[in-house]
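Those protein sequence lines, which keep their order, are chains D and R.
Heads up: the first sequence begins at 1 in the numbering used here, then just goes up one per residue.
Heads up: the second sequence begins at 1 in the numbering used here, then just goes up one per residue.
To be clear, the hints were calculated from the coordinates, so they are not data collected in a lab.
The structure presented is a predicted model; accordingly, all values stated were derived computationally and were not measured.
Heads up, the beta-carbon is just placed ideally off N, CA and C, and yes, glycines get one too.
Hints may be right or wrong, so weigh each one.
Below are the EDC-like pairs computed for lysine to aspartate or glutamate, each with C-alpha atoms no more than 20 Å apart in a straight line [unchecked claim]:
(1) 111(D) - 177(R)
(2) 54(R) - 54(D)
(3) 173(R) - 101(D)
(4) 59(R) - 30(D)
(5) 48(R) - 110(D)
(6) 104(R) - 177(R)
(7) 90(D) - 24(R)
(8) 82(R) - 30(D)
If you want a taste of the chain D side facing chain R, the calculated C-beta under 8 Å gives, among others [what the hints assert, rightly or not]:
(9) 58
(10) 94
(11) 102
Spelled out, the chains give:
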Amino acid sequence: MTRIQLITILVNFIFIAYIARLIIKGKLREEYAIIWVICTILLTIFSFWPNGLEIMAKLLGVFQAPNLLFTGAIFAILIYLVHISVVSSKLHNNIRKLTQEMALLKQELEKAKQENKDPQKDPD
Amino acid sequence: MTLKILIIIPCYNEQASLPILLQEINALSLPEEYELDKIIINDCSKDKTSDVAKANGAKVLDLPCNLGIGGAVQTGIKYAIKHNFDLAVQMDGDGQHPPSELIKLLECQRLTQADLVIGSRFIDRKGFQSSFIRRMGIRYFYGLNRLFTQKSIYDSTSGFRLLGRAALNLAAKNYPDDYPEPESLVIFSKANLSIKEVPVTMRGRLGGKSSIGSGASVFYGFKVSLAMLFSFIRN
Numbered sequence: 001m002t003r004i005q006l007i008t009i010l011v012n013f014i015f016i017a018y019i020a021r022l023i024i025k026g027k028l029r030e031e032y033a034i035i036w037v038i039c040t041i042l043l044t045i046f047s048f049w050p051n052g053l054e055i056m057a058k059l060l061g062v063f064q065a066p067n068l069l070f071t072g073a074i075f076a077i078l079i080y081l082v083h084i085s086v087v088s089s090k091l092h093n094n095i096r097k098l099t100q101e102m103a104l105l106k107q108e109l110e111k112a113k114q115e116n117k118d119p120q121k122d123p124d
Numbered sequence: 001m002t003l004k005i006l007i008i009i010p011c012y013n014e015q016a017s018l019p020i021l022l023q024e025i026n027a028l029s030l031p032e033e034y035e036l037d038k039i040i041i042n043d044c045s046k047d048k049t050s051d052v053a054k055a056n057g058a059k060v061l062d063l064p065c066n067l068g069i070g071g072a073v074q075t076g077i078k079y080a081i082k083h084n085f086d087l088a089v090q091m092d093g094d095g096q097h098p099p100s101e102l103i104k105l106l107e108c109q110r111l112t113q114a115d116l117v118i119g120s121r122f123i124d125r126k127g128f129q130s131s132f133i134r135r136m137g138i139r140y141f142y143g144l145n146r147l148f149t150q151k152s153i154y155d156s157t158s159g160f161r162l163l164g165r166a167a168l169n170l171a172a173k174n175y176p177d178d179y180p181e182p183e184s185l186v187i188f189s190k191a192n193l194s195i196k197e198v199p200v201t202m203r204g205r206l207g208g209k210s211s212i213g214s215g216a217s218v219f220y221g222f223k224v225s226l227a228m229l230f231s232f233i234r235n
């Protein structure tokens, strides 16, 4: 095993451990963690199997193996960014609905409080 | 039969102009068939907008986060539906829309039964006409609206608008966030609501300053154009 292989394997394990920790602590929801887990699994496979990238590149007709890696990685990142934008748009809409509902309820609550206070004006 | 009307006033840092505006609204005398109420939507202002409004005897909806003008107006629209108002008027908190002009909108609605009546600065070309750059923007949206709605709406950016029941129900479900007027026209006309325009006289701000800078205008122009296109395509 070459040195670089050992380094990548080590880094992958640290990364997986970190993701796992985030999920355990409830800081990362599982549906967002899936993609990171898959990524690390892929990376681990290729670090144990260094010829794999060359073989895949040949299969897909890419001349230089690293190009396949970069193209694949950039494409995956782009897709994921779009997904994140969709999620944040959804959150934006939800926050708007909640904010509006809250303002309406707050006003109603204050009105109800006022109405409750008014009839109880007996002196004691 | 009395018609219940709600004046929706979205506010962001408008403590300077609100007292005058509210006084003007209170001093308003409308024909007997109209029953007027008003609500201030405080869009998370940093100043004392909410206190000033309450001190002047207005109902206030305090938004806990800043939603932008569209989100604020939509809150008022939801309030109008919840409390069974027949009509709602959107009126800016800075006093650009004189309450005395409200009767023109109501009159137009009574005669035409339109779902949406827009108070327009540019039919009679009287009163406050906005800055040159803004007028250019308004011309641009006029063209864009003609393209998307096949209607000539001269003041498509006017925030002085009267919404009927059908328009209220639609806007409660679907209303754009910031700079909502041009885009909402596309939404309304796609739903086959009738839109009428009536000349009104506007004026400059009563106090405070605008929340839209010139850099932001370009960004909003672009954003709104895109939003209009997609509202047009969307079912």
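Consistency of the hints with the structure:
1. Pair hint residue 111(D) plus residue 177(R) does not hold up; C-alpha atoms about 28 Å apart against a cutoff of 20 Å.
2. The suggested pairing of residue 54(R) with residue 54(D) is violated, with an alpha-carbon distance near 72 Å, which exceeds 20 Å.
3. Taken as a hint, the residue 173(R) and residue 101(D) pair is honoured in the structure, with Cα atoms around 13 Å apart against an allowance of 20 Å.
4. In summary, the hint linking residue 59(R) to residue 30(D) is not supported, as the alpha carbons are separated by about 44 Å, beyond the 20 Å threshold.
5. Using a Cα cut-off of 20 Å, the hinted pair residue 48(R) and residue 110(D) holds, with the two alpha carbons roughly 18 Å apart.
6. Restraint check for residue 104(R) and residue 177(R): not satisfied, since their Cα atoms lie roughly 28 Å apart, outside the 20 Å limit.
7. With a C-alpha separation of about 40 Å, the suggested pairing of residue 90(D) with residue 24(R) is violated against the 20 Å cut-off.
8. Taking the CA atoms of residue 82(R) and residue 30(D), the gap is near 38 Å; set against the 20 Å cutoff, the hint is violated.
9. Of the supplied interface hints, the one on residue 58(D) is violated, with its beta-carbon coming no nearer than about 43 Å to a beta-carbon of chain R, more than 8 Å.
10. Checking residue 94(D) against chain R: minimum C-beta separation of about 12 Å lies over 8 Å; hint violated.
11. With 8 Å as the threshold, the beta carbon of residue 102(D) comes within range of chain R, its nearest partner Cβ sitting at about 6 Å, so the hint holds.
The structure shown violates the earlier hints numbered 1, 2, 4, 6, 7, 8, 9, 10.
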